[in-house]
Every structure is written in structure tokens, then in C-alpha cells.
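Those protein sequence lines, which keep their order, are chains B and P.
If you read the first sequence in this note's numbering, its first letter stands for residue 1, the second for the next number, and so on.
If you read the second sequence in this note's numbering, its first letter stands for residue 504, the second for the next number, and so on.
These aren't lab readings, by the way, just hints derived from the structure by calculation.
All values derive from a computational prediction rather than experimental measurement.
Every residue, glycine too, gets a C-beta built ideally from N, C-alpha and C.
One or more hints might be untrue.
Computed beta-carbon distance windows for the label pairs [as the list claims (entries may be wrong)]:
1. B:L268 with P:T829: 22 to 30 angstroms
2. B:K72 with P:G635: 18 to 26 angstroms
3. B:G390 with P:G619: 50 to 58 angstroms
4. B:F207 with P:A780: 41 to 49 angstroms
5. B:D396 with P:V816: 30 to 38 angstroms
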Amino acid sequence: MAETLLTIRDLTKFFPGIKALDNVHLTVRAGEVHALIGENGAGKSTLVKILTGVYFPTGGTITMEGRELAFKNALDAQHAGIVAIHQEASMFLELSVTENIFMGHHLRHPKTKRLDWKGMRERTRELLDQLELPIDGDTLVKNLSVAQRHMVEIAKALSLHAKIVIMDEPTSALTTREVEDLYRIVRQLRAEGRAIIFISHKFEEIFQICDYFTVLRDGQYIGEGFIKDTTTDRIIRMMIGRNIDHMFPKKDPKIGEEILTVENLSQLGAFQDVSFSLHKGEILGFFGLVGAGRSEVMRTIFGIDRRSGGTVRIDGKPFVPKGPHEAMAKGIGFVPEDRQRQGVILSMSIGNNITIVQLDSLCKMGITNAKRELEVTRTYGEKMEIKAAGWHVDADTLSGGNQQKVVLAKWIGTNPRILILDEPTKGIDVATKAAVHEFVSEMASQGIAVMLVSSELPEILGMSDRVVVMHEGDVTAIFEREELQEEAIMRAALGETKEARRA
Amino acid sequence: MRESQVKRTPSEPLLQRIVKILLDRREASLVILLAIMLVPIVARSPQFLSLDNINRILNDISILSIVAIGEFFVILSNGIDLTVGSIIAFSGMASGMLNEAYPNVPVVLILLLGIGIGAAMGSLNGLLVAYGKIPPIITTLGTMSIYRGMTFVLSKGTWVTAHEMTTTFIGFPRRTFLGISALIWMAVIVIALTYYFSRHTRPGREIYAIGGNATAAKFVGVNEKRTRFMVFVISGTLFGFAGSLWTARYASAVNEMATGFEMQAVAACVLGGVNFAGGAGAIPGVVLGALFLGVLNNALPVVYLSTFYQTLVQGMVVLLALIINTVVDQRKTRKLLAQRRAR
């Protein structure tokens, strides 16, 4: 067996109120492709951020080639030989390939300190040749495809003499041919004795390219083993095996008539042929992995994005919104995924945040009625049990959970008939989570039709009357409440049951 | 086979490569625009392209180029410096008063005084932005007034006029070397030094990194605070230097000098293809942008446009140039996207 390169023992990371990592182990050997597997929120990203010096661990040890490491910053990790292939976030789009590779460790003339462009260009060509990439080093990165940008990042890792290369979902935006290219390079790196930590949700590629795996769940180490000695089934069981706690106060639904009908809705490059129906008083869950296209479907129904085909009917009448205002006029409310960027206006008070969607009814001849406004704020703010110093304080002083309550309060104020919730409990504490679930059940029991997008399987299982599962833009299954089963849902989300699609 | 694929560029004909490189750069469209603008002007007055007039235009844009380059570094780092006119005024006033009070002090020392004043004022801007975390536009909005106010305090409201200064000082911008005026030489030296700095030194490239993607820059170990501080020192220094030159060239130092000059500096940058959000742009573009403005200022009287209309037309032409630039850019991006999809 190859020598051990990196050993992580008892790694722990606390964030206020959340245990992101709890005694995690990881052993990586030279010349192996190591799959890091887990659901969204299992702690993979946190682990990567610690390994690349972005986060500082709360406890535990990281040992590399016999030396214990403690990174003070990202640069330390790079010097130690750990390089992550980030997605576009870490590139300088307006600069050339050569410069992106050497930014931070430019080659310089030893005496004059003049930058050695000739040397850097040559080295870039060597690196690109080594990876057999037909890219010109002088091209600006903004003119490269996503796949080519990945390759440039890999070339950069080589220029840093990386011993461990971390790839986080490297194939998510690539075409089949580009994926082949990436595999070729991964195999080449492995043959050179480097280790690759490969994060992926796609079992097909894990079994194709990886040698070894480690599974995390809810921030905890679950198990590890050789890929060749395991099966997809066993790994899926390791990923989801947990108890559903009593966090889901599901009320007996009184499901009414059909209110929303979606047929073959498509948006080029995001999702295709999505069909489902939604009834009054129903909670319709949408499950899938990140990038499955669920949010995009919601955004299209709400009129933020344009569709490229298909029909949406509300009460049997075709509905083609020109913008969110038309969706709102039809009684649709939308609590978006990115709370900070799309949901709350951080620099505005709680009161203003809540009343902003119903200013029309609060205004008389363009002048707002402050007393009425305060009344509305109090009614819905108290209903949601928002904890704050007062209704006038700015939203950015609130905790994430309370911000989410503000967003929810805002939408109940509009008396919606259809409520879209996109990851309503993402990143908020357990107590608020339960409050949000309570609220969702309450809404449904009043006859509001709810669409609940969530990447958390327990939430989906606990809350939904029916579940639509999506994978890479396709609806792979629709389950009734009585047939909800973790394993089947996970399979559908991973695209394992595409052929077994139900109408 | 692979080899030839990787190194395919040299196999293209040279001319084709040059054309491609030109079209790839934002500067190219500015050159073309400049040429288009020259056609009616030269048709109206062939003298416009006489050596004399070219020399006049270059003299006119020398100070603007120096100042625009200072502004360039700040914009490149995703900031803005509004203290252009105020630093020019204080440094120019100090230079004039020094020359009036001590006529024997050599010109070189006067220029160094201007540079020193600019560096000090720029450092204060840089400190506030980089270490005080005050947004550049707010910081320089404040210091702009402070520096202008300091000029009034220094001069006690008076002017320094031509006859109060020595002929050596006010004559030096016009002294020629190899047939080219000292003023133009100064600009050439600044352009050469800053070009080298921006392309061939590590701190120079790190400004591009900070402006292009501050997060990524941090990941590769760029010191953000130091870099942000540095750009303001550079800009201040160049503005201070320009102040001394301004007083000598226009042979007077008044409290209101160079008011609003920051707008010209910003216009030259943006015309020259500098990305207002930071991270992209180059010195040659900035100089071309200054040249464009210089030609425009110089040409409007030539085509007998009433002075009442000059500012108006100037603004419209600048805006038009920017619109063309943006449209060309968007077209290019769309073409690229289409290519990528086709693959």
C-alpha cells in the first residue's frame, strides 16, 4: 500500500450554534483518488475550507508527511502542498492564463525583481503541454470555457507543486467530452504520486475514477473503504442512515382542488419537461441535489426567469407572468433561497421589510400610513415571534433565523394562495427551524398551497404530502406520502431511476 | 500532432495575427474612433495635422496624461480618487509661493516639493481607505474639500501671478530637448515608468489582482491593505507632480485651479478601456484616452464651433465613444458565448 500523505484525526469545527464538524477522520495516501461523500450540509465544504486554510479548526490534528500542520491562512496551505480547484470564484477573469497561474508566486529576476514574463510563459507552456491542453497562455481567462478554467486551475496547482489536489464537484458544469479530459488529467496526477480529494454527488463517476472513499453525515465521520469493495447501495445507506426527529409538526392535510398545473415546463440549460400539479392545502416537496434545477423551476413560475417552453395554469387559466408583480397579483408568494441577497433588505428596518410587498394597500395617494404600517408589522411580526429590540431596528442586526422569520412574515401579510419556500431552513438554528416548520404546516392547514424546496431529506420526509424529485433538470420521480422512502428518494435524486419515471 | 496544435499561433500569417491582437484590445476601437473623428476635422482644416499643432496638442495633454495615470491605478484597484484638482491646487500653489519667496531655489527642488506634497496627501487618502475602511469615494470626497481648503489657507486667498515667478520656473516647460518640450518629456518619463511598474513588477500586477477579484487575491497571498494604500500614494504623488507642472505651464497659481479636473482624468481612463469595476485596463489605453480628449478640445474651435457648444459637444462625444465601446464589448461576449455553446 502506498504511503500515507495526509492524516486528519478528531477534526472538529464549531460555528455559533452549529457543530459543522464533529470528530472527523480522513486518511489520504499518495497516488490515490479519494472520494469525499456526503449529502449537502454533511460537512464536506467545511472540511475543505479547513484544509485550504480558510477556516481554523476548533479541535483535532492535521498531519502531513509526519508533520503536524496549522494553517494561518490560505497561503500556508498552498505552501504545504494542498491546493483546491475552486470553481470560478478564485480566478482573475480579466487576466491571462499565464498570470492566473502565477499570481501570488510570480517568477522574478533574482536581482532586479523584474517579473520574468518570458520564464512564466515558458513554464505555462510546459504545464499546459504536460496536461496536453490546447490553450494559449496569453488568452484572457474570461474567454475560456468553464472546463478550460478548471484545467488552468489544475495547471496552477502543478505550478505550486501540489501534493494534494482537492476537486469540489469538478464535473458539474462540464460536457461529457470535457469530463473525459478531466478524468485523463486526474489519472495523470495520480500516476505522478499526487493525491486527489474528489468531491462528487455522482456515483457513476465516483465508481469510475476513485480508489477509496470516506463518508460524512451531519458533520460526523461515518466510514471509509475501498471503492472496489463496495456498492452504490452501501454508500447510499451510509449517507442517509439517521433518525427523523420530532421536528416536523405535520398536521393532517385537508387537500382541496387543484390550483396550479405545470406541464412540460422547460428552460434551456436549466430544466426540461417539468410537469406536476399542486392542490389547495397541500405541501408539495421538491427534493434534489444542488443544481438539480428546483430553484430555477420556482423562479420561472414566479416570473423572475423566462421559460423556453411548456405551460403553467392557475385555476385552469394559462399564466405567463411578465414579472414577479404579476405572480404576486395572482396570489403567489416566494421566499427565496439566498436570504441575504434576495429575501431581506438588510439595511431596512423589520417593519419596512414586512410591509414592502403590500405598500399599495397601505398607501393613500402615494403617502404611506405610518400607523397602519406599524399595525401590520406588529400583527405579523408577533405571529412569527420575531425576536428583536423593536420593529424599527435594521434587519442586519438579526440572527439568520429571525431574518427568515421576517421574510415569512412579509409574505403571510400578502395573504398568498400559493407559497413557494426555497430552502427555508438553510443555515438557521434548530429552534427556529421547528418554528418555521410549524408555520408551514399552519399555512397549509389554512388552505394555502405550499411548494417546499429543500435539500434536507428529513425535512422533505417530515413535511411533504407529495414529493417531486429532480435530477439534473429532469423530474425523476413523484412520490405520494404513503410511498415516501429515504432510499428511493435518494436514488431518484442521484438519477439512478430515470427510467422508472412515474407520471 | 499535439505539439503543432498547442503552438498553433505562430503558424498564422503575421498580418492576420496583428489584426487579431488589435481587435482583441479595447484600445483598438479608440484608435479607430479617433481616426473617424479626424476625418471631418482635417477636411475642414488641413493645418490640424501640422507638426506645430500636433506639438500643441501633445503639450496640452501632458499634464492630463500624468493625472489620468494616477487615477488609473486607483480605478484599477476598484476605487476612485476625487482629490485630483485639490492636490494639484495645493501643490501648484505651494510651488508658486516657493518660487516667489525664494527665487534661487532650483526648479528640480520645486518639482520635488510638489511630489512630496502629493505623496503626503495621497498617503492620508490611502490610510483612510485601506486601514480606516472608509470607501474611496467618501474618503476622497472629504479630503477633496480639506485639501482645497488648505490651499486657501496657505495662500490667504491671494494669487501668484506670472511676474511674481522666475522666468526659469515658468519657462522650463517650454525648454526643448531633441526638439521636444520638457513638459512632454515629463509625461513620457511618467508613462514609461508606470508602464514598467504596471507590467513588470509584482506590486503592479497585484493591483490588477485586488481590483479583479479581491477574494481570490487574498487566496494567493496579496496584501490587500498595503496594495490599496499604495495606489493612493501613487495617485497622490502624480497629482502633486502635475500641480507643480501646472503652475509653471500656465504661469499662475490660483486657488480655484484645476477644479473639476478629476472628471477629465476619469473620462480619459474610461475612454481608454479601464474597467470601472477594477481589474482591467492598461497604461497605453489611458494615454490614448487622454489623447482623444486633447484632440477633441483642440478640434472644436478649429471647426468653428461656438464656445457655448464646446462643453456640450465634448460630453456627447465622450458618451458616444463609451456607448460604442460597450456595444462592441457586448457583441464580443455574445459571440464567444455562441462559440462555446456550439462546441
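Against the structure, the hints:
In this structure the hint that L268 (chain B) and T829 (chain P) lie 22 to 30 angstroms apart at CB holds, the actual value being about 26 angstroms. Between K72 (chain B) and G635 (chain P) the Cβ separation comes to about 25 angstroms, which falls inside the hinted range of 18 to 26 angstroms. Under the hint 50 to 58 angstroms, the C-beta atoms of G390 (chain B) and G619 (chain P), about 52 angstroms apart, fit the expected range. In this structure the supplied range 41 to 49 angstroms holds for F207 (chain B) paired with A780 (chain P), their Cβ-Cβ distance being about 43 angstroms.
Distance hint for D396 (chain B) and V816 (chain P): a CB-CB separation of about 46 angstroms, inconsistent with the stated range 30 to 38 angstroms.
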